[in-house]
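A.B. asks: Which chain is which? The protein sequence lines are A and B, in order. With UniProt numbering applied, the first sequence covers 1 to 301. With UniProt numbering applied, the second sequence covers 1 to 137.
Because the hints were derived from the structure by calculation, they are not lab data. Incorrect hints may appear among the rest.
Sample of chain A residues at the chain B side, in silico, Cβ under 7 Å [stated by the list, open to error]: (1) Asp183; (2) Thr194; (3) Ile195; (4) Ala197; (5) Arg199; (6) Met201; (7) Glu291; (8) Phe299.
Computed from a predicted model, the values in this text were never measured in an experiment. Just so it is clear, CB atoms sit at the ideal spot from N, CA and C, and this is done for glycine as well.
One-letter residues, chain by chain:
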Amino acid sequence: MAAPLFLLAPPRSYTSLMNAMLGQHPQCFGLPELCLFNVERLVDLWVRSTDEMGSEAKTRHGLLRAVAEIYGGEQTMDSVRMANHWCAARQNLSTGQIYRELVDKIDPLIAVEKSPAYTVDIQRLLRIRETFPDARYLHLTRHPVGQCKSVMSLYDGTFALFVNSIDFLEDRAIVEPQFAWYDLNINILNFLDTIPAERQMRIRGEDVMNDPPKFLGMICRWLGIRDDADALDEMMHPERSPFACFGPLDALFGNDPNFLSGPTFRPHKVKVPSLDKPVPWREDGQSLKPEVVELAREFGY
Amino acid sequence: MSDSDTPPLGQRPKLGPIDGKPVTTHPDLSRLSPAQRGLRDALLREFKARKAKKFVEKQVHYINGNRQVAESIKILFDEHGQPPANAPIEDIIEERRQLEYQVRWFEAMLLELQTRLLRVREIEALALDVLERSERE
Numbered sequence: 001m002a003a004p005l006f007l008l009a010p011p012r013s014y015t016s017l018m019n020a021m022l023g024q025h026p027q028c029f030g031l032p033e034l035c036l037f038n039v040e041r042l043v044d045l046w047v048r049s050t051d052e053m054g055s056e057a058k059t060r061h062g063l064l065r066a067v068a069e070i071y072g073g074e075q076t077m078d079s080v081r082m083a084n085h086w087c088a089a090r091q092n093l094s095t096g097q098i099y100r101e102l103v104d105k106i107d108p109l110i111a112v113e114k115s116p117a118y119t120v121d122i123q124r125l126l127r128i129r130e131t132f133p134d135a136r137y138l139h140l141t142r143h144p145v146g147q148c149k150s151v152m153s154l155y156d157g158t159f160a161l162f163v164n165s166i167d168f169l170e171d172r173a174i175v176e177p178q179f180a181w182y183d184l185n186i187n188i189l190n191f192l193d194t195i196p197a198e199r200q201m202r203i204r205g206e207d208v209m210n211d212p213p214k215f216l217g218m219i220c221r222w223l224g225i226r227d228d229a230d231a232l233d234e235m236m237h238p239e240r241s242p243f244a245c246f247g248p249l250d251a252l253f254g255n256d257p258n259f260l261s262g263p264t265f266r267p268h269k270v271k272v273p274s275l276d277k278p279v280p281w282r283e284d285g286q287s288l289k290p291e292v293v294e295l296a297r298e299f300g301y
Numbered sequence: 001m002s003d004s005d006t007p008p009l010g011q012r013p014k015l016g017p018i019d020g021k022p023v024t025t026h027p028d029l030s031r032l033s034p035a036q037r038g039l040r041d042a043l044l045r046e047f048k049a050r051k052a053k054k055f056v057e058k059q060v061h062y063i064n065g066n067r068q069v070a071e072s073i074k075i076l077f078d079e080h081g082q083p084p085a086n087a088p089i090e091d092i093i094e095e096r097r098q099l100e101y102q103v104r105w106f107e108a109m110l111l112e113l114q115t116r117l118l119r120v121r122e123i124e125a126l127a128l129d130v131l132e133r134s135e136r137e
């Protein structure tokens, strides 16, 4: 079984595009966000853990679409219904067993997945290591200002609130996404400390966006797969992925809705903002926290 | 930072004031003062209220059929309720495309609902059959 590749990054760090690009490599298979390692057993994906926030139904869409595509060869309402039955028949298995079954099915292609939800909790990351001791990890970084602005623009910063990225002022609490940027990257770093150096790579998302052939080629060589012009050209078309569009009505998502509605890669130069200026999502003129600046510098910003 | 200050591998400390897992799996609020817990609750309540308000606004927009119809045929009339002398052809084409798209969408929804209804009826009939037979026996 080919060892899978996991993209580790907080959400809104170019993960959808990178996952689809790498997944289009002729020797790879780009999966949607499976979110399998969020929980221990498959049935737990169907169980609501608390009523404090949000809907969890969308977390299943990626898995249902993947099963429909891999086993049914199409993503329709009928094949998604089949995928639901497929899951029901395996509901008491561990999510690791389910994941291995999927990876076995697409072997010899290398499974490529990113579920930013994995980075929320190191236990989730440790489940990956336990299931795939030989997996490889690509730590994808994004400048804190760019990432936080993007988080705040999506559903009023729901994600930041979801992970308790909250700052306390004298008379009120506000959503402060830079805590999430820092803590999720710290989760990743803490986890990667347990992984041999040759099985991990760190790359700045902005660099890939600015010069995809150079950096995608570098990733291919690290993975030991083809880096010829044809392979690289295929990777420049993330929109060709079967998951780079909305799914059928009962499994619409499985990825960032913005990516699903416009998955084509458009060459552009990404500007890297300053680390010292006041951040745009705060009204009190505060800048990035010193710890955030220090970590961003460690990432090369 | 000296070497002795460097945290051991895999144990770098976090920054956020709230530790533990995300809100869906019970965060650790023990480091917060009672006032901060109250502020956090207020923030969550405000967020949920804003979300609910947006949802309702969107639903009202969808279900207000008369207004939608009026909006969609607005370009066909001027302020006196008469057809405009020079309606731009681009607007008319765009309107026609949008209406066709909506019709297709509704047809697909209808088809799916009819299929589901058919299946539910089959299951219902089967269940009633079984019930009737078991009652007779």
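A.B. asks: Does each hint hold? Answer for all of them.
C.D. replies: Taking the hints in turn, this is what the structure says about them:
1. Asp183: holds (4 Å)
2. Thr194: holds (6 Å)
3. Ile195: violated (10 Å)
4. Ala197: Where the cut-off is 7 Å and the nearest Cβ of chain B is about 12 Å from Ala197 (chain A), the hint is violated.
5. Arg199: Arg199 (chain A) check fails; min Cβ-Cβ to chain B is 15 Å, beyond 7 Å.
6. Met201: Hint on Met201 (chain A): violated, closest Cβ of chain B at ~18 Å, above 7 Å.
7. Glu291: Result: holds, 5 Å to nearest chain B Cβ.
8. Phe299: violated (14 Å)
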